[in-house]
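These protein sequence lines are chains A and B, in that order.
Basically this note's numbering = 1-based index in the first sequence + 593.
Basically this note's numbering = 1-based index in the second sequence + 29.
Think of the hints as simulated: they come from the structure by calculation, not from any bench.
Glycine residues also receive a C-beta, built at the ideal position from the N, C-alpha and C atoms.
Any given hint could turn out to be false.
One side only, chain B facing chain A, incomplete, derived with CB under 10 angstroms [unchecked claim]:
id, residue
1, Met360
2, Met375
3, Pro379
4, His405
Residues of chain B placed beyond 10 angstroms of chain A at every Cβ, according to the derived structure [what the hints assert, rightly or not]:
id, residue
5, Tyr185
6, Asp206
7, Ala296
8, His367
9, Asp371
10, Ser392
11, Gly398
12, His509
Listed here are the chains, written in short residue letters.
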Amino acid sequence: MSAPIDLPKWADTILVPAVSVVAAFLVAGLVVLGIGENPLTATRLLLQGSLGTGEGLGFTLFYMTDFIFVGLAVAVAYHAGLFNIGGEGQATLAGLGIALVLNNLTFLPGFLLIPLGILGAAAFGAAWAAVPGYLQAKRGSHIVITTIMFNWLASVLIVYLLVNVLRAPQNMNPETPAFPPQSHIPFMHEAFAAFGIEIPSSQLNLTLLLALAAAYGVWLLIYRSRLGYAIRVVGSNPTAAVYAGISPARIIVIAMVLSGALAGGLAVNELMGYQHRLLLEFTSGYGFVGIAVALMGRAHPVGIILASLLFGILYQGGAELAFEQPAITRDMVVVIGGIIILFAGALDGLFRRLVARVMLRPTLAKA
Amino acid sequence: MNSAIQLIAIDKRFGAVHANKDVNLDIERGTIHGIVGENGAGKSTLMSILYGFYEADSGEVRVGGHPVSIRSPADAIRVGIGMVHQHFMLVETLSVVENVMLGAEGGALLRKGEAKVRAELARLSRDYGLQIDLDAVVGDLSVGLQQRVEILKALYRGADILILDEPTAVLTPAEADALFELLRALKAQGKTVILITHKLREIMAATDRVSVMRRGEMVATLATETTSPPELAELMVGRRVLLRVEKAERKPGAPLLQVHDLSVVDARGVLRVANASFTIHAGEIVGIAGVSGNGQSELLEALAGMRRPVLGSMRLDGQEIAFSEHNPHRMRQLGLLHVPEDRLRMGLVPAFPAFESAILGFSDEVALGRGPILDHDRMIADLTDKMKQYDVRPPAPRLKTSKFSGGNQQKIVLAREIERKPKVLLVGQPTRGVDIGAIEFIHRRLIALRDEGVGILLVSVELDEIMNLSDRILTMCGGHITGERRASETNERDLGLLMAGVTDEAA
Chain A
594 MSAPIDLPKW ADTILVPAVS VVAAFLVAGL VVLGIGENPL TATRLLLQGS LGTGEGLGFT
654 LFYMTDFIFV GLAVAVAYHA GLFNIGGEGQ ATLAGLGIAL VLNNLTFLPG FLLIPLGILG
714 AAAFGAAWAA VPGYLQAKRG SHIVITTIMF NWLASVLIVY LLVNVLRAPQ NMNPETPAFP
774 PQSHIPFMHE AFAAFGIEIP SSQLNLTLLL ALAAAYGVWL LIYRSRLGYA IRVVGSNPTA
834 AVYAGISPAR IIVIAMVLSG ALAGGLAVNE LMGYQHRLLL EFTSGYGFVG IAVALMGRAH
894 PVGIILASLL FGILYQGGAE LAFEQPAITR DMVVVIGGII ILFAGALDGL FRRLVARVML
954 RPTLAKA
Chain B
30 MNSAIQLIAI DKRFGAVHAN KDVNLDIERG TIHGIVGENG AGKSTLMSIL YGFYEADSGE
90 VRVGGHPVSI RSPADAIRVG IGMVHQHFML VETLSVVENV MLGAEGGALL RKGEAKVRAE
150 LARLSRDYGL QIDLDAVVGD LSVGLQQRVE ILKALYRGAD ILILDEPTAV LTPAEADALF
210 ELLRALKAQG KTVILITHKL REIMAATDRV SVMRRGEMVA TLATETTSPP ELAELMVGRR
270 VLLRVEKAER KPGAPLLQVH DLSVVDARGV LRVANASFTI HAGEIVGIAG VSGNGQSELL
330 EALAGMRRPV LGSMRLDGQE IAFSEHNPHR MRQLGLLHVP EDRLRMGLVP AFPAFESAIL
390 GFSDEVALGR GPILDHDRMI ADLTDKMKQY DVRPPAPRLK TSKFSGGNQQ KIVLAREIER
450 KPKVLLVGQP TRGVDIGAIE FIHRRLIALR DEGVGILLVS VELDEIMNLS DRILTMCGGH
510 ITGERRASET NERDLGLLMA GVTDEAA
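Full structure from sequences and hints, please.
And the structure:
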């Protein structure tokens, strides 16, 4: 008989995640201390590398763009009560969609080709997510299992296609020929230059705006639309959905389709915005980071943007840190990221309890 | 006075909620002591403190005159307090003996322990006149017998003081009578019984003394023979309440819902409703009486379109419902609305703000928004009006649904369905877990709806409610409709027999 933990909304949405992050940094600091480095120096390098220079900021925002898409993807499914672990596979397939559209419609002008490429990404990501969604809805196959399996399928499929089908004959690398130039999404420094403003060049491209628009769209969908209402009813209370005449099966498939389409945004940013070709493993495990981002952002678009920024800082600053202080290797940075994921995600309940204990003292009942 | 239990100045807070305020209670040994109060009055908290689920912030518990510290149910059992929960804590696949032994096996090998349990149970059964097959599998026993197993379990563990939490909620009237018989036998043997209930009739029938709680305080302790249901109700609510709603005789109008030969099976393929046929007319309330779990829930869900019947047909306002139309969405469009039995699992979304719960089932209504987007201002304004009309407290449409009390949640559901002007309204357990004050309001509203010409099907496990509100009563047992009576021409005994499956033909 444990009393439910009821916190004021502001505490739940801001205080608890903030406490999680602080605790994660403290523990990470201990780890840094453990390998004989100064945590304060490390923190300074991390922040300077990610936010201190224009170039660093550009990279931070580039990563943030990736994380917003995959975070939103996880969040939409989560609102329907689904745990979509398949962001990696869906983004991989979205990359295939982009390559097929862009390299086959090379004759089209940019203002048509870019939207078509984005649609291709969304469609392929959606289709790859729809299958596990359908299996969950109609056959009860657990979405966590099927999406993980689909990640592997996607990974094997793309290796086969890049090696045997899509590779340019003279190229030894498993990658497609470069996308036609008019299909490249402009870099942010190029866009600014068009208005005569000079900013440091980086991978950051206009896909960031698409990501922010997607975040607004998801907010509108989930919290304001009839469909979002139905999605949340299914996620929160499936029996009530049946009572209300909402088909959980239908909503599950729709939510997964939307989720997969959003995961496709990762491919848009990485491939259309930066790499300009399809290559192996461009998703770099970011699909999984999306889970942590969504958890930490409480599946709310604003929270996801903030969490994405944090992870952007961590990825970019971490790379700088590994460069500046060789004792802190790239792996160490992954460890720090892992600690944050652990604290923000898995140990979240711990901090809720703690915050509740402090705020509601002395009333918490013995569990 | 020879006290079994004394509670002295018990105080308990949960955050802002002051669940028990300086509660004093003295329970005499060898009596049946009732505790009544509305939901949230603090009865359950008090009993949880007594049984070691919670610790009081301050105050003292004395058992047999000695101060004791009860920090866990194990402590409670040690000092001789046993509890029979509303939801049984039994393993359905084990036998009676095995269930009683559970947690008291007496060693790694069962044989010796079992022999001891058997002998002890045989003695207990004899002493208290508890007839029960010790080797029966618990899942095969009726609910009434399962409850006896729970009582046996407590007695076997040496309980001198037995707490029963809403014990009759799941029983037929006959089973309830048998339970009270048993409690009197326990009392004759010197045991003390604490009976928590909200049914005043049972308090009057079974207890020696009764304590009333209101808003965390113990407002009165009375000898049962010196009090009356109206007085108790007034003490519980803090104002005068009408326990019986007045209703005028009314001539029913045209048939609105005609059900013919309806059969429903559940997910496991078990027949839940068997060939049900009945008609509901405009301006009448038809009650379905039955012990819970006898097909009423499945019948309601089938009528509401949530379950496809395997057989049978339905006409709504003269129009045949096609198989393809048999879904909740279409039924709503046709004017058949549904207040479901379980408001938290089905009728509302506890995590949503109230104004979102207040459109559950109607989120596609054109008037509620523009195109695919819902108009929150409009939804909030709508609910604000309804909250005023139905006296929902607090009148806060943005408050999370789960933060409202049971009665206020129920009013939100009722307002949602009733204000959409149904032709036929299905109502399941309209006052389960609802305070007496709100019950009066809900009953009046249903009668008013009847008088406006709506056909109402009422399913309730509260026989009083069925008899009080209905014009006609159908009884269900094992999925069959076992009888039909005019409410004015029947009584509890008569209905009890029909509910137990003794049909007219057999009787």
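Against the structure, the hints:
1. Met360: holds (8 angstroms)
2. Met375: With Cβ-Cβ at 4 angstroms, under 10 angstroms, it holds.
3. Pro379: holds (7 angstroms)
4. His405: Status holds, d = 7 angstroms.
5. Tyr185: holds (23 angstroms)
6. Asp206: Check passes; 32 angstroms lies beyond 10 angstroms.
7. Ala296: holds (12 angstroms)
8. His367: Incorrect as stated: the minimum Cβ-Cβ distance to chain A is 7 angstroms, not above 10 angstroms.
9. Asp371: Non-interface label fails for Asp371 (chain B): nearest chain A Cβ at 8 angstroms, not farther than 10 angstroms.
10. Ser392: violated (5 angstroms)
11. Gly398: violated (7 angstroms)
12. His509: holds (26 angstroms)
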